[in-house]
Amino acid sequence: MAYDPALVSALEPDQLVAATKRPYSRRELTPGVLALMVVLRVFILIAIPIVIYAFVHALLTPQ
Amino acid sequence: MSETTLNFGYSGSSAGAEELITYEDVLRARDRLKVLKSRAAKSSLRLLWLLAGPGVLVMLGENDGPSMVSYATTGATYGIGFFAPFILLTFLMAYVVQEMTVRLGAATHRGHAELIFQRFGPFWGYFAMGDLVFGNLLTLVTEFIAIQAGGLYFGVPAWASVTIGVTLVFGSLAFRRYATWERVLMGLAVFNLLFIPAALLAHPDGAALTHALATWGPLPGGFTTAFLTLVLANVGATVTPWMIFFQQSAVVDKGITRADVPQSRTDTAIGAILAAIAAIATLVAAAPLFAAKVDVTQFANGADFATALVPLIGSTGATLFALGILEAGLVAAMTISTSSSYALSETMSAAEKGPARHSLNLGFAHGRLFYGVAMGSTILAASVVLIPGAPLLAMTLTVNVIATLLMAPALLLLLLLANDTEIMGDLANGRWANLAGGTTVVAIAVVGALYGVITAFPNLLPK
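These protein sequence lines map, in sequence, to chains C and E.
Its first residue numbered 0, the first sequence is counted upward by one per residue in numbering that gives the first Met the number 0.
Its first residue numbered 0, the second sequence is counted upward by one per residue in numbering that gives the first Met the number 0.
Hints listed in this document are in silico derivations from the structure and should not be mistaken for laboratory results.
Watch out, some of these pointers could steer you wrong.
What the hints assert, rightly or not - Short, incomplete list of chain E residues facing chain C, as computed with Cβ under 10 Å:
#1 Asp-24
#2 Phe-85
#3 Leu-87
#4 Leu-88
#5 Leu-91
#6 Thr-107
#7 Phe-126
#8 Arg-257
#9 Val-260
#10 Ser-348
#11 Thr-395
#12 Asn-399
#13 Leu-411
#14 Leu-426
#15 Ala-427
#16 Ala-455
Claimed, not checked - Heads up, incomplete: computed chain C residues facing chain E, CB under 7 Å, no partners named:
#17 Asp-13
#18 Ile-45
#19 Ile-49
#20 Tyr-52
Even glycine gets a Cβ: it sits at the ideal position worked out from N, Cα and C.
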């Protein structure tokens with residue numbers, strides 16, 4: 000191995016690959032954020048069919 | 000040196016435990032050492048040079064094939080009046096959004112996909128990643144359409160330009176070194192500025208441009224559905240989900256720390272300014288088509304614009320324009336495929352589905368999934384472009400719809416993470432950051448949703 004182990008001290012401890020493998024815990028959501036996430040899920044339920052419709056419609060439209 | 004996990008008995012972790020040092024750590028440490036020496040020597044320009052990269056790349060990367068065609072369409076349809084200052088505004092919004100990813104990356108040393116999975120759970124983790132990777136795949140198709148179109152302008156057969164494009168994307172990954180990859184891409188991205196001499200060859204009226212920037216006018220034809228669609232397309236050409244994921248991951252891969260945030264902000268601002276100048280230059284270069292009343296509604300790609308511009312700005316200007324389109328597609332193909340690699344590997348890593356590492360400092364043996372995603376998506380997108388009769392227009396339309404409709408969740412998750420004081424500490428959004436970020440997020444989300452709906456249902460509004 001042709002390098003100095005002290006080189007690694009140029010990294011902050013939390014930057015090491017091993018340190019970043021320790022996961023953050025799940026965030027505890029406040030009622031407001033929780034409501035926002037529910038709204039987002041509804042938005043996505045509406046958005047996905049629109050995306051599928053757009054693709055199928057574009058497929059069927061002569062280029 | 001071989002790609003191995005090395006145990007040096009390093010005991011500098013925040014937990015005080017012995018850490019395993021990887022080759023990836025060593026490569027990143029080499030880059031960091033240069034930064035630390037530069038900071039100690041108070042060499043601010045060299046420090047900025049060393050820390051620049053993610054911001055410039057993300058902004059110039061988003062000036063991709065479809066975006067440049069969108070700016071050219073705008074210039075050819077409306078001239079420079081309203082849209083020159085409007086493009087400046089969209090890049091200001093892009094800066095506000097991207098600056099949050101800089102702070103997130105510096106504070107947490109984790110990618111965006113990883114953070115979403117860990118802080119909001121598997122549903123949002125898998126959704127954000129799946130949405131991004133699928134959208135990126137379709138976007139890659141449009142980048143190869145740009146590469147193919149640029150090549151066709153120079154008489155290069157489609158299969159040859161696409162093959163060269165794929166080879167160059169693969170070649171960039173072969174460095175297996177983030178720093179080299181970044182510098183090579185920055186060198187390529189400079190060619191995005193080819194639109195500036197192309198614009199100068201269009202002999203723009205300086206007084207008209209100044210008037211447009213100062214007054215946001217004139218707006219020929221008034222407020223119509225076509226105008227609204229172009230406004231929304233220009234927003235969609237400036238702020239997209241892949242940018243958020245890419246810049247945060249690149250900031251982490253580069254090893255940016257809290258102390259580097261000011262330089263990283265400058266990097267992002269420089270990228271936004273350069274990209275805005277290139278975008279406005281494209282608008283100006285295509286404006287002679289507006290003056291000559293050329294109908295561009297049937298133009299399919301950048302090569303059509305270049306060909307139509309030959310009698311108006313000369314063959315040199317048109318050639319620069321076509322080269323710019325080629326570069327835009329190529330650099331975007333490199334950055335967007337890498338953004339998919341980061342997002343998918345980060346999500347698999349967060350889900351603990353095997354040793355999914357995510358860095359451009361990895362060797363191929365340790366980064367099979369990481370490099371496999373970029374290579375696989377590149378080959379798939381390139382192959383689709385070469386299939387005779389492939390529904391390319393359908394894919395281009397769907398890209399726009401996905402990117403804009405699903406921008407709202409991406410931006411809201413970003414804002415929530417940037418306000419997460421538990422992980423951000425003193426880098427969390429303050430009042431002003433929330434005001435600027437919140438306003439931008441709401442504006443882009445509404446505009447994006449509107450654009451998605453208009454694109455999906457073109458007959459919803461009167462023409």
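We went through each hint and held it up to the structure:
no.: 1; hint: Asp-24; result: holds, 5 Å
no.: 2; hint: Phe-85; result: violated, 25 Å
no.: 3; hint: Leu-87; result: violated, 29 Å
no.: 4; hint: Leu-88; result: violated, 25 Å
no.: 5; hint: Leu-91; result: violated, 25 Å
no.: 6; hint: Thr-107; result: holds, 8 Å
no.: 7; hint: Phe-126; result: holds, 7 Å
no.: 8; hint: Arg-257; result: holds, 8 Å
no.: 9; hint: Val-260; result: violated, 13 Å
no.: 10; hint: Ser-348; result: holds, 8 Å
no.: 11; hint: Thr-395; result: holds, 8 Å
no.: 12; hint: Asn-399; result: holds, 8 Å
no.: 13; hint: Leu-411; result: holds, 6 Å
no.: 14; hint: Leu-426; result: violated, 13 Å
no.: 15; hint: Ala-427; result: violated, 13 Å
no.: 16; hint: Ala-455; result: holds, 4 Å
no.: 17; hint: Asp-13; result: holds, 5 Å
no.: 18; hint: Ile-45; result: violated, 9 Å
no.: 19; hint: Ile-49; result: holds, 5 Å
no.: 20; hint: Tyr-52; result: holds, 6 Å
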